[in-house]
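**Q** Sequence:
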Amino acid sequence: MIPGALHHPLSVVLWRLDELPRDTRVILICRHGYSSSLAAARLQELGFHGATDVEGGFDAWQAAGLPAKPC
Numbered sequence: 114m115i116p117g118a119l120h121h122p123l124s125v126v127l128w129r130l131d132e133l134p135r136d137t138r139v140i141l142i143c144r145h146g147y148s149s150s151l152a153a154a155r156l157q158e159l160g161f162h163g164a165t166d167v168e169g170g171f172d173a174w175q176a177a178g179l180p181a182k183p184c
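Residue numbering for the sequence shown follows my numbering, beginning at 114 and increasing consecutively.
Quick caveat, the hints were computed from the structure, so don't treat them as lab data. Here the structure is a predicted model, which is why all the values come from computation and not from measurement. One should not assume that every hint holds.
Derived CB-CB ranges, DEER-like [to be verified]:
#1 Arg129 - His162: 30 to 38 angstroms
#2 Leu119 - Leu151: 14 to 22 angstroms
#3 Gly169 - Pro116: 25 to 33 angstroms
#4 Gly163 - Trp128: 15 to 23 angstroms
#5 Ala177 - Tyr147: 13 to 21 angstroms
#6 Gly178 - His120: 16 to 24 angstroms
#7 Gly178 - Leu127: 25 to 33 angstroms
#8 His145 - Pro180: 17 to 25 angstroms
Just so you know, even glycine gets a beta-carbon here, dropped at the ideal spot from N, CA and C.
Build out the structure end to end from the sequences listed, making use of the hints.
**A** Given below as C-alpha cells:
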C-alpha cells in the first residue's frame, strides 16, 4: 500500500462513488497500471474530472523507490 492512500478494490470502486472525494484529485493505482487507467477514464466520464492513474502501476511506483508499506 501507499502511505496515506485509501484502499478501494477495483472490483467495487465504481460501486462506491459516494466514498470518493469529488473536491480533490483522485489517483488510482493497480499492480501494472492497466485496470486503474480504465477506472480513471470511467470516473472522468462520471464527473470526477481530476481522476487519473499512475502510469505503470504499483510496479513502477516501487521501481521508482517511492514509499510503500505492507498491506
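**Q** Now, for every hint given, state plainly whether the structure supports it.
**A** Structure-based check of each hint:
Between Arg129 and His162 the beta carbons are some 18 angstroms apart, a value that contradicts the proposed interval 30 to 38 angstroms. Take Leu119 and Leu151: their Cβ atoms lie about 19 angstroms apart, and the range 14 to 22 angstroms holds. Checking the proposed 25 to 33 angstroms range against Gly169 and Pro116 shows it is violated: the Cβ atoms sit about 19 angstroms from each other. Against the hinted window of 15 to 23 angstroms, the Cβ-Cβ separation of Gly163 and Trp128 comes to about 20 angstroms, which satisfies the hint.
Under the hint 13 to 21 angstroms, the C-beta atoms of Ala177 and Tyr147, about 18 angstroms apart, fit the expected range. For Gly178 and His120, the hinted distance range of 16 to 24 angstroms is satisfied, since their beta carbons lie about 21 angstroms from each other. Gly178 and Leu127 have their C-beta atoms about 31 angstroms apart, which keeps the hinted 25 to 33 angstroms range intact. Separation of His145 from Pro180 is about 19 angstroms and conforms to the stated range, judged on CB atoms against 17 to 25 angstroms.
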